[in-house]
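Q: In case you want the letters, here they are:
There are 2 protein chains.
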Amino acid sequence: MGKTVRKLQVVSPVPADIDIANSVEPLHISEIAQELNLSSQHYDLYGKYKAKVLLSALDELRGSQDGYYVVVGGITPTPLGEGKSTTTVGLCQALGAFLDKKVVTCLRQPSQGPTFGIKGGAAGGGYSQVIPMDEFNLHLTGDIHAITAANNLLAAAIDTRIFHESTQTDKGLFNRLCPPDKEGKRSFSDIMFRRLKKLGISKTRPEELTSQEIKKFARLDIDPSSITWRRVMDINDRFLRKITIGQGPEEKGMVRETGFDISVASEIMAVLALTTSLTDMRERLGKMVVGNSKAGDPVTADDLGVGGALTVLMKDAINPTLMQTLEGTPVLVHAGPFANIAHGNSSIVADRIALKLVGPGGFVVTEAGFGADIGTEKFMNIKCRYSGLTPQCAVIVATIRALKMHGGGPEVVAGKPLDHAYLTENVALVEAGCVNLARHITNTKAYGVNVVVAVNKFATDSEAELNTVRGAALSAGAFDAVICTHHAHGGKGAVDLGVAVQRACENVAQPLKFLYPLEISIKEKIEAIAKSYGASGVEYSEEAEKQIEMYSKQGFTSLPICMAKTQYSFSHNASAKGAPSGFVLPIRDVRASIGAGFIYPLVGTMSTMPGLATRPCFYDIDLDTTTGRVIGLS
Amino acid sequence: MGKTVRKLQVVSPVPADIDIANSVEPLHISEIAQELNLSSQHYDLYGKYKAKVLLSALDELRGSQDGYYVVVGGITPTPLGEGKSTTTVGLCQALGAFLDKKVVTCLRQPSQGPTFGIKGGAAGGGYSQVIPMDEFNLHLTGDIHAITAANNLLAAAIDTRIFHESTQTDKGLFNRLCPPDKEGKRSFSDIMFRRLKKLGISKTRPEELTSQEIKKFARLDIDPSSITWRRVMDINDRFLRKITIGQGPEEKGMVRETGFDISVASEIMAVLALTTSLTDMRERLGKMVVGNSKAGDPVTADDLGVGGALTVLMKDAINPTLMQTLEGTPVLVHAGPFANIAHGNSSIVADRIALKLVGPGGFVVTEAGFGADIGTEKFMNIKCRYSGLTPQCAVIVATIRALKMHGGGPEVVAGKPLDHAYLTENVALVEAGCVNLARHITNTKAYGVNVVVAVNKFATDSEAELNTVRGAALSAGAFDAVICTHHAHGGKGAVDLGVAVQRACENVAQPLKFLYPLEISIKEKIEAIAKSYGASGVEYSEEAEKQIEMYSKQGFTSLPICMAKTQYSFSHNASAKGAPSGFVLPIRDVRASIGAGFIYPLVGTMSTMPGLATRPCFYDIDLDTTTGRVIGLS
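Those protein sequence lines, which keep their order, are chains A and B. Counting in full-length UniProt numbering, the first sequence runs from 1 upward without gaps. Counting in full-length UniProt numbering, the second sequence runs from 1 upward without gaps.
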């Protein structure tokens with residue numbers, strides 16, 4: 001990776017993220033692409049510092065071998081975060097800029113909503129960051145905007161269809177759906193054959209249909225109360241969480257309660273993250289279920305005639321965005337699904353391209369959202385299941401701060417000063433907290449990967465505390481445990497981690513082993529995951545039972561499970577720190593993202609639309625109109 | 001323009017638009033840029049066929065002279081449209097590819113909503129089109145998505161602020177707005193000084209404020225019933241026209257009725273179209289008024305602390321997008337405000353850049369939405385007033401079909417077969433309809449420009465009919481009147497038009513003269529415009545009177561007027577064809593876009609959110625996943 005590597009001038013104490021980001025002049029992204037041997041026909045520039053890598057790159061590299069595949073997870077975090085993104089970036093800077101390896105970092109695209117709400121970007125921090133930071137945190141190359149557009153086109157199609165069905169006869173509806181051409185001939189459009197096939201009608205000309213078939217074909221008969229498809233917006237707009245629509249006089253009283261989620265919670269984001277090709281994306285978008293007919297049959301985007309249009313809206317979004325780290329190593333930013341109601345991992349497409357680009361001996365490092373109980377688990381059982389890719393190493397990021405919390409330290413609250421227990425040496429607290437780390441190690445190791453623990457060192461951590469973690473990690477079966485200072489020193493601070501990860505990748509003995517097979521029942525799968533949390537059993541609400549029965553009847557049993565659980569505990573109770581066990585995991589409700597391809601049980605209530613505080617951070621954000629530079633973003 | 005010019009292989013009968021568009025391989029956009037002598041530092045590529053031209057180009061060209069400036073308007077149209085965009089593109093293809101002139105076409109960006117609703121793109125038609133057509137009609141370079149994001153961030157800020165004000169004391173609110181830093185010191189952020197200045201408070205430190213000043217500063221006290229700011233979405237979603245928000249339990253019963261408009265109806269779109277620089281855009285966005293305080297004072301985006309963040313979201317959108325015509329001439333696509341509640345013209349920024357790029361002897365052709373009574377009028381009195389630019393020539397596009405309608409022909413309805421009156425020769429009808437054309441000529445000529453009539457010829461038009469129009473146009477004072485066949489023949493079919501436009505530009509005698517000065521009252525301005533429609537007077541509703549009084553009191557009297565009127569008649573009555581006169585123009589309501597910079601009286605009801613039909617055209621749209629090509633878009 002020689003030519004693009006940039007030497008950092010490290011300053012202490014570490015300046016603000018934005019100041020570090022602005023102190024470095026990014027390379028033209030074509031230089032980064034060239035270092036990856038990516039020919040210019042396989043990427044499209046989006047300005048000077050971003051490029052979309054086209055799927056055609058994958059076609060060309062089809063014969064090449066993959067590099068090593070590393071996933072970064074974390075222990076159960078404090079609300080302050082333990083530096084997982086920063087470690088992911090720092091590790092790559094070490095591998096690329098100090099250990100002379102080919103490396104690509106695969107990151108999620110952050111939602112734009114929180115950028116203007118609460119401080120804290122997702123581009124890493126300190127001397128381990130993706131740049132330019134403002135482009136990373138704002139529109140990027142428009143993927144989330146495309147998701148918003150596609151999601152909301154489908155939403156409009158649903159309500160409009162219900163409206164038109166309510167005012168028309170079967171025959172009238174059918175005649176409008178298949179209008180006569182200039183010669184008076186009616187025909188089905190291509191997408192209509194998908195619905196005809198689903199209905200078991202093999203006729204090819206509209207005039208052949210019986211009136212019974214006309215009714216079945218033309219009348220989706222959507223049960224408004226069954227609609228699970230909500231509108232989305234990439235804004236923290238709490239007043240849209242629950243709304244009533246259709247109150248205009250032209251909508252003739254067809255009001256309905258619904259709401260908006262933030263765009264990254266859209267199923268289309270999960271589809272983008274899990275798809276493997278344009279053809280696969282077309283199929284997944286078409287089979288997304290938006291609700292049921294009054295007879296209980298699932299109604300899909302293709303039933304509404306809109307699966308093709310959604311694919312057209314998403315056709316550029318499928319191409320990952322190439323950016324760079326502070327030290328000039330390449331980054332692919334792509335997809336950012338929620339880590340609770342979705343699987344919280346960046347895209348399969350980006351990882352695949354990256355693995356081919358780095359080739360044998362190279363490294364792809366990808367981050368999994370939330371703690372390893374959620375992020376790494378879903379990485380393995382959902383993402384790797386769909387991609388067929390096999391990781392060699394899983395990194396688990398830990399901090400002394402979080403371990404002390406798990407050992408019984410006082411509550412850590414964002415925005416409030418840390419208790420002194422977190423600022424002074426307390427080996428006993430750390431030692432007690434290592435049960436949390438140990439369980440994450442055990443669970444992760446069971447997938448057949450080597451586990452490397454990365455202790456993200458803070459200035460207040462003592463040698464004795466750090467040694468305690470190392471010892472505990474190794475006893476719990478970690479391949480290695482390494483102290484890192486990449487926040488303060490960039491890649492140089494993660495060289496030991498890089499070496500450990502390299503050794504871990506070169507020494508894998510086991511094949512990838514999933515936590516559960518797909519063939520068992522929905523409940524058995526839920527229970528297998530619950531067991532990995534330490535639960536002694538699972539309890540289902542009446543609603544959950546009903547939904548499981550419905551999905552089983554509809555033929556969706558063989559999908560993987562995506563638990564929507566708090567990230568702040570192994571259990572459903574955010575305040576149960578350490579390694580709780582013997583609890584019964586309550587399943588409040590069960591939902592499904594059929595297009596993305598998973599069932600998601602709700603363990604508690606998940607907010608899918610954040611709000612804004614009295615003083616959102618947009619008060620600090622402005623444009624320096626003389627330089628065109630963004631100020632106040634962090 | 002020699003090198004990029006492409007020779008078209010014209011086929012008869014004219015194939016479908018999409019087939020023509022797909023039959024031509026576009027040039028890499030850097031070739032188009034090079035022909036314009038645009039250095040690569042002044043544009044950013046967005047893929048292979050689009051580039052954003054940076055405002056820095058304008059800085060570099062500041063000393064250069066402008067080219068000729070041509071605006072294309074139309075007679076009062078039928079619902080089928082008279083080919084104004086097509087004529088704009090065809091004229092440019094003629095000037096660039098046949099008359100060897102430097103030329104840039106300036107077009108509006110179409111809304112994505114209708115792309116999936118009703119057939120008919122905005123990229124021109126036949127052999128006069130902008131390509132690639134799918135990129136033109138879909139996300140383009142993300143400008144409309146940026147507008148949606150900015151519009152809705154402001155909307156979220158409004159409701160959230162009302163919410164937080166309702167639950168906090170003056171002091172609590174103030175302390176949250178100016179929180180203490182690590183040393184316990186409070187401070188104002190830069191944007192807060194804008195509000196302090198507005199309130200006449202010159203203190204610089206929070207602790208200096210009296211409790212009365214604290215209340216004035218921290219409590220915006222927005223009257224929910226006065227809020228004019230609505231949310232937007234670039235989707236035809238009729239069920240969002242009127243909604244109730246805030247029904248979630250956390251919003252504590254603070255429900256409110258509001259609604260969504262389509263994104264291009266956002267005031268931010270009008271700001272983008274009328275701004276002249278980043279600094280100017282920052283000021284316009286900050287002073288947008290969202291509603292009033294309970295005391296009747298206007299509340300702005302800057303009062304809400306969000307003007308800077310809006311500018312950051314819009315910083316790339318201010319750069320126009322470079323594309324190309326079928327014959328390889330350059331096009332700048334930028335902004336697409338509504339033509340009724342806004343001014344319906346593409347951006348000042350794009351026109352300015354284009355005028356410098358073509359230089360003396362070159363041509364910039366820009367289209368004004370709707371008929372000339374609305375589009376050209378607003379081009380002159382709003383757009384040219386803000387830009388300071390002076391057009392030399394105004395083209396008025398006419399068709400025999402529309403003139404027959406104005407002459408008393410039967411109603412023309414989209415989707416229904418045309419009456420035979422429109423398909424066979426009827427000189428008398430044409431002659432009678434020319435009163436409409438004549439009034440447009442008189443009105444347009446009054447601005448001091450030379451008027452060239454372009455008769456967009458259809459296959460069914462007879463020589464006698466065409467000659468009638470030419471004669472009528474010349475008697476009404478047109479500089480020239482030309483028959484064009486650019487739809488069937490590309491630029492070659494508009495060579496005569498190009499020559500006429502060139503002569504018109506070279507022979508301007510008069511200076512630009514506005515229809516009204518800004519200093520007269522709101523009512524006097526409305527009446528001046530109404531007179532140009534043929535009205536004998538104006539009638540104001542009670543609501544309109546109240547609003548005019550309020551805007552006058554708030555100090556907004558000196559803004560230009562933007563009439564929200566039907567395009568289907570000079571009058572408010574869409575069925576009054578020809579050149580109606582003696583009617584009283586009713587003003588139903590009066591609103592204002594203070595940031596964009598105009599007052600808009602509502603003459604009738606304007607729909608700002610379209611709907612979808614039973615069979616929207618998305619039924620035909622899909623992606624060919626093997627080639628990546630969009631199919632079914634038209």
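Everything labelled a hint here was simulated from the structure, so no lab data went into it. Just so you know, not all the hints are guaranteed correct.
The list cannot tell twin chains apart, which means a pair is met if one copy fits it or any two copies do.
[What the hints assert, rightly or not] Okay, derived cross-link-like pairs now, DSSO-like style, lysine-lysine, Cα gap no bigger than 27 angstroms in a straight line:
#1 Lys242 / Lys252
#2 Lys416 / Lys185
#3 Lys492 / Lys523
#4 Lys457 / Lys215
#5 Lys531 / Lys182
#6 Lys182 / Lys416
#7 Lys203 / Lys445
Everything numeric in this text was worked out from a predicted model, so none of it was measured.
Q: Going back to the hint list, which numbers does this structure go against?
A: Hints 3, 4, 5, 7 not satisfied by this model.
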